[in-house]
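Asks: The residues making up each chain are set out below.
Number of protein chains: 6
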Amino acid sequence: MTNMAKRLFDFQNGEDLKIPVLIKSADVRVAKNGKKFIALVFQDQSGQITAKLWDASEADIAQYKAGEVVLLSGKRELYQDKPQIKIHSMRLATQEEGNDPQQFLQRAPEPESEIIDAINEFVFEITNANWNRIVRKLLHDHPEFYEFPAAKSNHHAFAGGLAFHTLSILRLAQSVVNQYSSVNKSLLYAGAILHDMGKTIEMTGPVSTEYTLAGNLIGHIVLVDEAIVEAAKELKINLEAEDMLMLRHVVLAHHGLLEYGSPVRPQLLEAQILHDLDELDASINMLTTAYQHAEPGDFTERLFGMDNRRFYRPTKGQTYPDPGTN
Amino acid sequence: MTNMAKRLFDFQNGEDLKIPVLIKSADVRVAKNGKKFIALVFQDQSGQITAKLWDASEADIAQYKAGEVVLLSGKRELYQDKPQIKIHSMRLATQEEGNDPQQFLQRAPEPESEIIDAINEFVFEITNANWNRIVRKLLHDHPEFYEFPAAKSNHHAFAGGLAFHTLSILRLAQSVVNQYSSVNKSLLYAGAILHDMGKTIEMTGPVSTEYTLAGNLIGHIVLVDEAIVEAAKELKINLEAEDMLMLRHVVLAHHGLLEYGSPVRPQLLEAQILHDLDELDASINMLTTAYQHAEPGDFTERLFGMDNRRFYRPTKGQTYPDPGTN
Amino acid sequence: MTNMAKRLFDFQNGEDLKIPVLIKSADVRVAKNGKKFIALVFQDQSGQITAKLWDASEADIAQYKAGEVVLLSGKRELYQDKPQIKIHSMRLATQEEGNDPQQFLQRAPEPESEIIDAINEFVFEITNANWNRIVRKLLHDHPEFYEFPAAKSNHHAFAGGLAFHTLSILRLAQSVVNQYSSVNKSLLYAGAILHDMGKTIEMTGPVSTEYTLAGNLIGHIVLVDEAIVEAAKELKINLEAEDMLMLRHVVLAHHGLLEYGSPVRPQLLEAQILHDLDELDASINMLTTAYQHAEPGDFTERLFGMDNRRFYRPTKGQTYPDPGTN
Amino acid sequence: MTNMAKRLFDFQNGEDLKIPVLIKSADVRVAKNGKKFIALVFQDQSGQITAKLWDASEADIAQYKAGEVVLLSGKRELYQDKPQIKIHSMRLATQEEGNDPQQFLQRAPEPESEIIDAINEFVFEITNANWNRIVRKLLHDHPEFYEFPAAKSNHHAFAGGLAFHTLSILRLAQSVVNQYSSVNKSLLYAGAILHDMGKTIEMTGPVSTEYTLAGNLIGHIVLVDEAIVEAAKELKINLEAEDMLMLRHVVLAHHGLLEYGSPVRPQLLEAQILHDLDELDASINMLTTAYQHAEPGDFTERLFGMDNRRFYRPTKGQTYPDPGTN
Amino acid sequence: MTNMAKRLFDFQNGEDLKIPVLIKSADVRVAKNGKKFIALVFQDQSGQITAKLWDASEADIAQYKAGEVVLLSGKRELYQDKPQIKIHSMRLATQEEGNDPQQFLQRAPEPESEIIDAINEFVFEITNANWNRIVRKLLHDHPEFYEFPAAKSNHHAFAGGLAFHTLSILRLAQSVVNQYSSVNKSLLYAGAILHDMGKTIEMTGPVSTEYTLAGNLIGHIVLVDEAIVEAAKELKINLEAEDMLMLRHVVLAHHGLLEYGSPVRPQLLEAQILHDLDELDASINMLTTAYQHAEPGDFTERLFGMDNRRFYRPTKGQTYPDPGTN
Amino acid sequence: MTNMAKRLFDFQNGEDLKIPVLIKSADVRVAKNGKKFIALVFQDQSGQITAKLWDASEADIAQYKAGEVVLLSGKRELYQDKPQIKIHSMRLATQEEGNDPQQFLQRAPEPESEIIDAINEFVFEITNANWNRIVRKLLHDHPEFYEFPAAKSNHHAFAGGLAFHTLSILRLAQSVVNQYSSVNKSLLYAGAILHDMGKTIEMTGPVSTEYTLAGNLIGHIVLVDEAIVEAAKELKINLEAEDMLMLRHVVLAHHGLLEYGSPVRPQLLEAQILHDLDELDASINMLTTAYQHAEPGDFTERLFGMDNRRFYRPTKGQTYPDPGTN
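Chains as they are written, first to last, in the UniProt record's numbering: chain A, 1 to 326; chain B, 1 to 326; chain C, 1 to 326; chain D, 1 to 326; chain E, 1 to 326; chain F, 1 to 326.
In short, the hints are calculated from the structure, not lab data.
One or more hints might be untrue.
Copies of the same chain look alike in the list, so a pair counts if it fits in one copy or across any two.
[Unchecked claim] 30 Å max Cα-Cα, derived DSS-like pairs, lysine-lysine:
| hint | residue 1 | residue 2 |
| --- | --- | --- |
| 1 | LYS6 | LYS233 |
| 2 | LYS137 | LYS65 |
| 3 | LYS236 | LYS52 |
| 4 | LYS185 | LYS236 |
| 5 | LYS137 | LYS6 |
| 6 | LYS233 | LYS316 |
| 7 | LYS316 | LYS35 |
| 8 | LYS18 | LYS236 |
| 9 | LYS82 | LYS52 |
| 10 | LYS75 | LYS35 |
| 11 | LYS36 | LYS75 |
| 12 | LYS36 | LYS236 |
| 13 | LYS52 | LYS316 |
| 14 | LYS65 | LYS316 |
| 15 | LYS137 | LYS18 |
| 16 | LYS75 | LYS236 |
| 17 | LYS75 | LYS137 |
Being a predicted model, the structure only gives us computed values, none of them experimental.
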């Protein structure tokens, strides 16, 4: 029982484990033999792993649902080059055993309070009064901004990932602003803070993340634009003034290409830069995560978010800290 | 002087003319010989035609500007397969000679009052109360909707073209609703009426039409979405309810493809139908206009809005009434 | 035995059934355990559903073939989000039990005789004598036109679907003709009736539909063009005259884009309209079918014929009648 | 006058010339100074070159038309990197001076009679009786096949170019057949002979080549398919037999890709090979022509038919005989 | 035991076999029941076939590895339309039983010595001294060139396939050179011999072929360019001279399109021809192989290397010799 | 004469000027009236501007060539929205008047010596000995690296632009390295310094920049790879070791996409980052240059290097220093 403190990815393939984990998702399916099983994804702060509970009874189906913490006994194995858990047995964790889903979420590698402080430092730098007020108001009205992931999968898919991704872009933006005097710092910072805020409406939250109906039918880019417009109305800021059109444009255009869902392509220097920094930070996050799960000297699995490319992890030298766990 | 009642396209190539026309645009340029000239586009209700005023003096440049009515004496000619006017002389028209730009605009083939009535008939058919109220409010708040063209060029590029295009789609939609019982009539009608209303903000108006800064940086699709959201707020309609997400979706998705500027692709039956009817009506309008300017047995010029295709005008049979003049 | 009158899609998931059904297709495969099974598709007028007959004997394989009617006892279940039948037992139906495959085909929602009458009404409207004679001759020579589906899967994939799809386009075309005076009614109607007639050669028929060798190597667009040319020869119509080139063009161009298999793009107004109406009717049919199989408040499965999009079925309001059953 | 025997491309830039030439095309246009000029293309067996006749009188316009032979006095010059003629004077040639347009056409580098014989040799090799009879019949019915160019511009754009291109493909095909025993010789030869025969209907002929209405609305691929079907009917060959579907497929698929106008993609080995050899021969012809007009050590102009690439002509070594003059 | 001389593809579906075969690849996986199995590919000179060894013990996993020869007892079956072996039993072959992997490799249809001689004949024809010396040196330095396959799968995926593919291109090139006098024979031959030589570095060899790290990170096109540059340095040939730039260009451009991995597109006639012949020979090889495995009157499986097309094998006439076995 | 110290872009449209300028390019052409003129591009440190010398004599053509300094008297004007010079008179500058082309080149905004020092600082940070030695050797062997532009036009098209672009990327890379611990600093710096060094072979130099034959036929990406391989050979570094494959990969892949000319796509984290930073710095440079030439409140001209987009210059706030002049 000494390995109770170990986490999912502390075990090697072939090793037995007995630890508490969170059920991230649980889909009931019918096997080829006609019996039901549950396709499970377990999660703790070290990462996520799949498992199947064969010959699932109705009682199993009733109790093993997304969001539950279970005591899992099993063995880590490889199935088609991906790790999975072969379940020996499992049961729901009791309160005393630490049945708190929050304890099992992957989190940003910096504490939430530090991320809040760091982003607020950047807000101070926004010298255009209208932009500053809107950014403050939206941060204030959306405290869940600091809890959400940046995506359902792909990149920064962990609690606090949205704010951490935003902060990472701001730090890159700071370097750009220092290096190129033609860049409007206030506009780039304001755009960076707001650009993905619509994801708090597009998705359901950090646990069992799904897309909402608004997310599917409207999309996070238009949703945040609506929020900006509403904030400006409430603050009695003139929406037809150039500065407001610029702020909205930088946010609307941040996907860079129409086929990626932006209704307009970047037509301001800061819109182009925000798009480039967004892609740069997302790529580094995706690759660092992928490298963690690849052996030195091997290629990663194909990465959907990187045009299905595989990346090579060199045999030595770099280490790849989990970009989603502090 | 008896031909004063004739209009630009009533003259043949090679024929002399002396008529009042509106200057639609006037660009000052430098010729290869170093002297200035004015590249003009003249317009009356029969259509538009280009001309050049060579060796333009500063006085010429000062007085011949877009929006002015002039008395034009010249000859219609062909230049690189397109008609143009060779200017003999011209001067500003006096008040008595009818210096009213409104008289020279191409207009929708139905009177504005009939278009208003016809659209209002469709509004009655919108039985969802929220959609009905929003459509009414936006029509009421945007009386210029009945004056605007549907585009700067391409299709329905005449005064009242926006409303006439909307009405044409509604009439097609009525046939679809009658034929297919699975279609939500209220949603299709509401979406049709609102889909291009953002163009009243995207463009400057029916005379000397240009894109506004908001049109360039935000685009008419997001602009009308903002208007819907504002209207709902004022009418205290719940924006998070399914019906509002559906209405906004139908409008946001009406360009059909992301690369055409819709931030989301159609995910409702009515969104798909609205997109298809929008394209159908625009195509028929573009082709009818092009056929008017082609000889029977010839091909039209290449049409930018139809993937640069040329279309064949048969030698006999059909007539092609000007789709933009009543 | 009282549920003998119920049909496949009248049962809920988890419910037992015992009904006669048609075997639409039967593929013999080897399971992972090395034993043979038959992958079956059952069909009645309510739709189609898959099933697997495990551990199939040689006798099973010999008797359970496409086109046979069986008495099926089993349970409806969900497998990977799609309905399937878990077979308890089955045997061939006797003559007395109603062993007539025709009784189990999905059919167009209007009786064949009414479809024939309705199409003939449109033929009357074709005033160009050459087009009228060719249309009459080809309808006369291809009585199977009224029996075929419009496609193997995708849209209107039921007996009589080809003629019903044609009639739906004609009805839309009638609205267009009434609304836009520049459209040549005779050409649009003639093109609409002929456009997909090559499918009677491209496919094998309404039961166990497959593509023929001619369908694969020549394609239905060129096959119908050949039929038009042959008809003109027999009727001693001048193939080099403009009207025949126009009719053939409208048919050849109806897929709209070269990459969709048309050897030429639309270069006549009526060719463009026919293409647009063809897509519109096919889309409405595909979506209505998909909505029928989705729950209110859910998304449909991804639709191959709609660029793999999923569509949202609203929680209330519309009903979606089976577009392929009268 | 000794240079009367010299031809257009025997003169250097800057050199005066006085020779008879054919007017290939003559377009009347209006210059920037408002006066008319004729944009001419002159042609003799050495190639084609442009010129402008400034301040053209109505008499000039009346007499200098495509198809006329003129006595041209002028100077060869470079205009925007392309050769052109500066006209000193010109007049219509008299009968005695050799006013025969046929003498000025570029021609295939082999005499027509030899091309006919060579193609007939290949016909002997077609051992499938149906294919052989159809090929013979179509060659017999289309004697103009030996006079037509293979294209209006691009490749083999000279009298006899169509047959010469066909023969070149047959010779390549012979090498392929000898090298790969899996290839059906009869099918490849029959397909090669027929593949472009529809161009005799698609275009107007070797002088002043234009596309016909049938060429524009139907296209040469479907036109030759119709001819094959007609021939089979007359010869009472069963069109539904596999061999006829194969022959038609090879011809229909020879553009290789749907977006290049083939209604089906190659699905037979011989269809794939014919497409590849067609492209190979066309490329070599285009490049050899382009190299002729480039200086050693320079790049050719951009070639539309080669994806707008420029090709490098090495400083020494190869010579590039005119691929279109015997 | 009399069928010991028969090979894998000499057996019909359903027939028992007992023969020695080579294990081409062996992947250990976990079955749905949680037990391990080995996914095997067996190979002899008649081709390759898959099999699964269920419930594999650790001893099985240890001994049945790629490169081993085993005595296989089993039955040939069809699984999802593809042939596979159902294993009855198997054991490692002893030395006496012929445990030599080389005996089980598929090979080019001409003996290696003849291929070497034939290629050397072509080397004699390269009259440019620099190109001749480089080709000789690289052939001399890379004797494995005659042992390698041309690809891991796709086309010429057998021992000696690289040299045989090269020779096939040279033979086609010879026909082209004889037919078109504008082609530089030396350049085309030199380019053809060198174009794929980088594959000897890109892949690991004819047994258990995999891509090397250099193959993945640099690619065979740049690898052979490096080899040419190195050879020129050692032979003290001026790399900046035109002829060396030409040779390198022909090799670098042979994939034809940037998206196929060539860093430059063809800009020399010979580069374009080499690309076309490379595709032609690869296509014929792929199709001939696919036809071998299809029944007359059927379509082949979808071919990845031919844009996922299926090809039709006619019911009679042609035979399709194994393109990879002499 | 007091304005002799003013430079080209210090004058307004309509203003007369009399200053020395460098002829950057001079193309002789024939005007529509048949007379020759010289199309000139003048240049000084403030930028480039076009002009035409009409009715050019042979003497004019002989003396006014690229690379000459002239005393120019003329007027700045607008022609089709772009500034140009209307020439009053011009003559070659004498030695005393400062006939030194170097004085008229646009230059990087930092002195060359500081750029050299700054890049050398980064070299110190490359701790992999092989990479460090290769970078040092190539910088040492290519002193012209500090003189070349980064491109013929597009971005950093000024003397020293190549090194300045490199340094800008290094500075961005420094920020990235500091922020993300998973990045290999040595690899990113070494790749950044080498990535565009092949441009010193691909182009002719900072004056009258053209592409060399090697540039056209091989391309700068393969040319620098060759240089790295050569350097490694001379330094006796093992080219097959992983670190050398990694360095070459980062350089070869820096265009990011095959269609942009990289023979392989990025498969290392550092390769992806280098590509992203290369694009970021190039975009900022292109946009800053374009903003300089646009008026506040206007859009720039369409930028070829930015997918033909136009960018909006806000009415106030930012200033845009010339990114190519110190």
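Asks: Does each hint hold? Answer for all of them.
Replies: A quick look at each hint next to the structure:
1. LYS6 / LYS233: neither (52 Å within a copy, 49 Å between copies)
2. LYS137 / LYS65: neither (37 Å within a copy, 47 Å between copies)
3. LYS236 / LYS52: Result: close neither inside a copy nor across copies, 55 Å intra and 48 Å inter.
4. LYS185 / LYS236: So LYS185 and LYS236 pass the 30 Å test inside one copy only (24 Å; across, 38 Å).
5. LYS137 / LYS6: Classified as neither: same-chain Cα gap 42 Å, cross-chain 50 Å, threshold 30 Å.
6. LYS233 / LYS316: between (56 Å within a copy, 24 Å between copies)
7. LYS316 / LYS35: neither (47 Å within a copy, 34 Å between copies)
8. LYS18 / LYS236: neither (58 Å within a copy, 53 Å between copies)
9. LYS82 / LYS52: both (14 Å within a copy, 20 Å between copies)
10. LYS75 / LYS35: Answer is both: 23 Å inside a copy and 13 Å across each meet the 30 Å cutoff.
11. LYS36 / LYS75: both (21 Å within a copy, 14 Å between copies)
12. LYS36 / LYS236: neither (58 Å within a copy, 48 Å between copies)
13. LYS52 / LYS316: So LYS52 and LYS316 fail the 30 Å test inside a copy (35 Å) and across (36 Å) alike.
14. LYS65 / LYS316: between (41 Å within a copy, 28 Å between copies)
15. LYS137 / LYS18: So LYS137 and LYS18 fail the 30 Å test inside a copy (46 Å) and across (57 Å) alike.
16. LYS75 / LYS236: neither (60 Å within a copy, 49 Å between copies)
17. LYS75 / LYS137: neither (49 Å within a copy, 53 Å between copies)
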